[in-house]
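Novice: Each chain is listed here by its residues.
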Amino acid sequence: MKDQGMSVIVRTITRFVYGLIIVFGFYVIMHGHLTPGGGFQGGAVVASAFALLLVAFGSAGLKGRINLHWLQSLEEVGALAFLALGFLGIGTAFFYNLFAGSGGFLFGASVPNPGHPNPGIFTAGGTVPLMNWAVGLKVMTGIAAVVIIMLVGSRKEEAE
Amino acid sequence: MTALTTHAPVLLIAVPLLGAFAAPLVGKLGRGVRNTLIGLIVLFVALLAALLAVDVFGAGGAPTVYELGGGTFTFPLSGGQIPVRILFEVDGMSAFMGLITALIVLTGAVFSFSYWKERSGGNLYFSLFLLLTAGIFGMQLTGDMFNFFVFLEITSIAAAGLVGFRVWLKQSQEAGFKVMAMYTLSGLFVLLAVGLLYGQHGHLNIATLASSITGGLVDMIALGLLLTGLAMKAGAVPMHMWAPDAYGEAPAPTSAVLVANSQASLYGLFRILFTLFGASVSPSALGWIVIVLALLTIFVGVTMALIQHDLKRLVAYGAVSQIGYMMLGVGVGLAVSATKPGYGLVAMQGGIFHMLNDAACVGLLFFASGAVIRASGTRDLNRMGGLGHRMMWTSIFFAIGAVALAGVPPFNGFASKYLIYEASFKLSPFLAVIAVLSSILLLAVFVKAFQAAFLGPKTDATAHVSDPSVGMMVPMAALVLVILVFGLFPGFFVDHIVTPAAKALWLGRDAYIGAVLGGI
Amino acid sequence: MNGLTSGFGAWNPIAWALLFVGILVVSFIVRSRGNKSYKRGSGQTKVFLSGNEEPADADALHVRGDHLYWGMVDGLSAYYRRVKAWHTGIFSDYVAWFVGVLAVVFVILVWVG
Amino acid sequence: MNIGNLPFVVAALLVVFGLYTLLFKRNLIKLVIGITLIETGVNLFLVTLGYRTGGISPIYTYAPEAQQMVLPTPQALTLTSIVIGLATTALLLSFAVFVHRHYGTLDVRKVKELKG
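First to last, the protein sequences are chains X, W, Y and S.
Note that the working numbering has the first sequence beginning at 1, numbered continuously upward.
Note that the working numbering has the second sequence beginning at 1, numbered continuously upward.
Note that the working numbering has the third sequence beginning at 1, numbered continuously upward.
Note that the working numbering has the fourth sequence beginning at 1, numbered continuously upward.
Errors might be hidden in some of the hints.
[Said to hold, decoys possible] SDA-like, lysine to any residue: derived pairs with alpha carbons at most 25 angstroms apart:
#1 S/Lys30 to W/Leu169
#2 S/Lys110 to W/Arg379
#3 S/Lys115 to W/Ile307
#4 S/Lys115 to Y/Tyr79
#5 S/Lys112 to W/His309
#6 S/Lys25 to S/Leu79
Calculated from the structure, these hints are not laboratory results.
Predicted model only: the values in this text are computed from it and were never measured.
Next comes chain X alone, as it looks inside the complex (with noise of 0.2 angstroms):
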């Protein structure tokens, strides 16, 4: 019965919802070097819809749907990738915004001159969406994983 997951209106919303918040968190993901939020931030949002989904439909719902391994392995992609961008712009030191200002390149519009620092450029940053995309895809899998495990955690226990 516990396996089952909510009410009949709680999972109808949930398969209404779900995917709103999957596209906010990406959005706010996309466009961590802009406003606020980033790739935690939208990370976070992105693994409640994955909650959210878990504790609508119960793990029974979930099983065969997400892998755990597959997710854990994500997320090492995730922070690999932090980190190698981190590693780009060791030439002149860790973390050097290589891509920034390169012409167009991976984010590397040239900004011109407003005034004041951010005029909202989206195709500007550099290496710094990148590492939004990056932690984001950490974060979300991450989270996912420690709600599963969690989840997964308990139900043994209530078995037991």
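Based on the hints, put chains W, Y and S in the right spot on chain X.
Specialist: Here is chains W, Y and S on its own, set in the frame of chain X:
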């Protein structure tokens, strides 16, 4: 090579982090591949720490600054500039601590390869191990109070994860909870202090903060929070109760790294007392606070060790008491740093040299007790006996580590304790009496452990035990070598690495600030 | 080079080791000049256990962990009773000591500064 | 009393409540809540440090000229502290789960096998 040396401060943190995140992925390819990667990373880290030390001590321990993200920065800041740049600042003391950490991490990782051979979960274990390494290096090399807090928390999480790693052991879970909660508490008080300092002075950089701290009420509250929080994380009595739990319940190779972690907190404490508040607070008052904590730590640690019957917990209390010697040496140096008499520097040398000696001896003792526990299948000294017949090398290593830690000449523990005894006697004979008495008691503690575990007749229970595999013997032998070399030639090391480190703390405050702010 | 000077004393491990070896040699010479006419297997080479017979059971020969220093720990029992009661192992007490030390340090620092 | 100081009072109260929870509550989960209370207090303190009366949020995107902003650094610190707090809380709760599994209780005064 020069590029490596230039980037060594950040590589010392980034490379272990890289290994920490790569270990679970590479582990899917097989244990051999993973161990090769970890071994290479740990070797590289040790090499980097050595290069950094050669560079820094070659320059007489003068501080160097590394700036994350590059670019140019100029101080004092011209109007409107916000100093958010993240700096690493390495002086003699940081480089010295880096050497200690490199030694323990290198031997601990090699020991772990054999220790985790038959167990699953090695990937995550090495991930946490390298995360802890990165955090410890970060605490020692950073030049920024907030980053210090971040690295402190990284070590807290990784250390607690390692303490409670063996989830099938009942008591390790209790220890894990207590350690994590205490570490978090200490971290939060450090963060509160950092916030107070930021609110008061508008800086987070240690050097800029140090130049603007005046010793008002808010500064004093921040100092109290920092002092207590870091002393707790170092394991000072009466806030030491988590330490034997943690050292005792962690897997044997990580107990040694946890001691290095405590020493990193101690480094943070010294950095704050000498560099941050060196000119604004009466050093004798601070020094006597540290000395009182140190005496309590030495005495309570060693007397509690005497009545333990769990081998690892016994060694753990011994390790707690040794933290007190470092605090005693540096505390004496701090107490007299206003007038700077000659014995103050001797006390600093003793306290700082003892960090290195303690890391080697305690590491060796934890490794040896891990090998004993593995072989005999019990941790209870009341049920051991006669292991020396079949574990000759382990018993010899344990004996060397024990007498060296207890300060028996001619081993390295005596060399550093000698400096501490002489200098603390100059300040007050009472300090030296407690220090010598506790050393004798510590020898008694290890005589008890050695007698109970290794001596005694051959019995059926000891028929099947044997010395551990080569993978565990080599790190122990390496630490024995370190103990012997440091014991027989202490003068060379004191002159070349300990004195620059001690002077960097004791006299180098202006140089530390000047390296960031430009000539003062 | 290999010695330490503290300004009022000195410590040279190599000299100490040489002296140690010298004393070993002297004691070996003294030992070698001793009387070798004892008889093996007689009462002259037996373990002396306060006049008691040596127990046959090998286990009984071993002094185990907590029996060592029993007298010393018993002599200090007043101290050890208190310290043991102090180490309760309860997490709340750990926090209490932390907060207590924090309070004392605050008082000292505010009083000093 | 200046109304602007009220958040500092609340932060101090949160820290004190958290310490009270750690000292006098017995349930391990409540202890974790106590730790997060202290954490919240510290975070509130940090955010309040950077607040300027009438300041706008520190986003430079199309920011109006000559407008006072709240300080961004304390907000970055708070964010980092929240991230760390997430990790510590998750770890503490996992330990609480395992302690309950082994000891069969969450009473902190019964989880004391490591003593002496």
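Novice: Hint by hint, note whether the structure agrees.
Specialist: Evaluated hints:
Pair hint S/Lys30 plus W/Leu169 holds up; C-alpha atoms about 24 angstroms apart against a cutoff of 25 angstroms. With a C-alpha separation of about 23 angstroms, the suggested pairing of S/Lys110 with W/Arg379 holds against the 25 angstroms cut-off. Our distance criterion of 25 angstroms between C-alpha atoms is met by S/Lys115 and W/Ile307, whose separation comes to about 12 angstroms. For the given pair, S/Lys115 sits about 16 angstroms from Y/Tyr79 by alpha-carbon distance, which is consistent with the 25 angstroms threshold.
A C-alpha spacing of about 17 angstroms is found between S/Lys112 and W/His309, which places the hinted pair at or below 25 angstroms, so the restraint holds. A hinted pair counts as satisfied when its Cα atoms are at most 25 angstroms apart, and S/Lys25 with S/Leu79 does not qualify at roughly 29 angstroms.
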